[in-house]
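S.K.: In case you want the letters, here they are:
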Amino acid sequence: MIGLNWLAPYDFSPATILGYVLVLGFYGYGLLKMPEDNRPGSGRILVFVVGVMLCYGVMQTRFDYYSQYMFFIHRGQHLILHHLGPLLIALSNPLPVMQFLYSRIKPGIRRALSPLGWIYRFLQHPAVASFLFVGLIYFWLWPPIHFNAMLSRDLYWIMNWSMLLDGLLFWWLILDPRSPVSGNALGYGKRILLLALVAVPQIILGATIVFSQGMVYDVYEVCGRAWPMAPETDQLLGGLITWIPPAMMSILGILIILRRAMREDGKAFPYSEKLKATHS
Amino acid sequence: MNNPFRSRLSGRLSIIVVAMTTVILAGCFGDAKSWRSKDITGLMPELAFELTDASGDTVTADKTDGEIRMLFFGFTSCPDVCPATLRKLSRAVSGMPDQWQNDTRIIFVSVDPQRDTPERIKSYVDFFSDRAIGLTGEEKALRALSKRYRTTFGYDDPDAEGNYNVSHSGAVYVFDRKGNARLLFRPDLTIEDIRTDLVALAQESGV
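Read top to bottom, the protein sequences are chains A and B. Heads up: the first sequence runs through residues 304 to 583, numbered per my numbering. Heads up: the second sequence runs through residues 537 to 743, numbered per my numbering.
By construction, these hints were calculated from the structure, which means they are not laboratory data. Where hints are given, some of them may not hold.
Stated by the list, open to error - Over 12 Å on every C-beta distance to chain A, these chain B residues come out as not near it, computed from the model: (1) Val595; (2) Thr596; (3) Arg623; (4) Gln635; (5) Pro654; (6) Asn699; (7) Ser705; (8) Lys714; (9) Val735; (10) Glu740.
As the list claims (entries may be wrong) - According to the in silico footprint, chain B covers these stretches of chain A (three or more CB under 8 Å from chain B): (11) 478 to 486; (12) 526 to 533.
On a predicted model such as this, the values are computed, not experimentally measured, just so you know. We treat Cβ as the ideally placed atom computed from N, Cα and C, and that holds for glycine.
Build out the structure end to end from the sequences listed, making use of the hints.
M.R.: Written out as structure tokens, the structure reads:
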């Protein structure tokens, strides 16, 4: 019973559950139906599913309750929605599955979906993507906005979904498996630069929260905490979670990109060339 | 596809849009209203509850329709926040012009139904103000109500004498005569600020 209580959503959202079911459903369908030589291996499938389920877990289990009433757990929730979950999903390289699913869409519907492509290309402009990535963190942590977001159920959902979608866009831009040598993907140097650039404002924000004297986010005081904890401790932990893990994830991202760049150095045919060739 | 002019254009366009978004967002935060407390219009659902009053009868929110209602969660054994808040609200109300005093209602909801019997709650709230009513209910109903207003409460482990502390919201949720959520009184608000906002709210939706 206790286990069931923990897994049950605190704020049941049919749309959210439907979204996750559709993502996993389409992914599973693609895996089963796609040609075997393109199918991701079990490791990649596992990484994808873990990424998706982590995001689901912080949105639709008891974790969400604690995120609403403890600042530092809320920061942990956003760390997963905006960083860790999307990073794992992008790292698992679901591109072949997505390309297969796309090939199954009827041409008429594909044309109707083309405006989405324009929006996508606009959002994936490096300047827009990095501005949004850092801007959203600052926006939702701006004290008056944060207060409202924690008071309003609608705003709260918009906040969490916007963080997740933006996280997916950003980490997909960074970890795009297509090679910049042979395609339109962002160059490795630019990817590394972006990762370094977005880390700086996050470090500043986290440090500001950690070292602030008074209470920056009093909504947790006003609306009651999940359990009695000194407000200063809660804020300090929240600040540290805003500060250190995202900076570490930028480093991790840089290392992954460096490894790819080094593997492609001096190769006439980059390793991702095969992937592209089969779908052009 | 790889037209350099187009890609440069789209690059510039992106930067312009980013700059414009910044300006627009900055404009959003200008607040025209001059409440002394926090304006929560549109952020929270209207007042609705089904609880038990001092005589053990079921009470719903519409019984107090037409009044400015101040909803507050607490418990009668509360050492500091609850008595301080109730005293503050009661003084703010008693300092209002007579014509508005009877249009206000302090709704004290005990989230400690184990210890707080309806009689105990009644004698507790009556001590502070004749404009206050005390309500409680089963824990499930109380959980649903606190969740509706984005707050929570929790119980500490009891000590040797069986006394325990209860963590709860320190805020007062204010609803207008129609039951719309309008203001949030933070614990640091002064009596004068509370009174000013209550009068403004009473006048605004006056009879």
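S.K.: Please list, smallest to largest, the hint numbers that this structure does not respect.
M.R.: Structure breaks hints 7 and 11.
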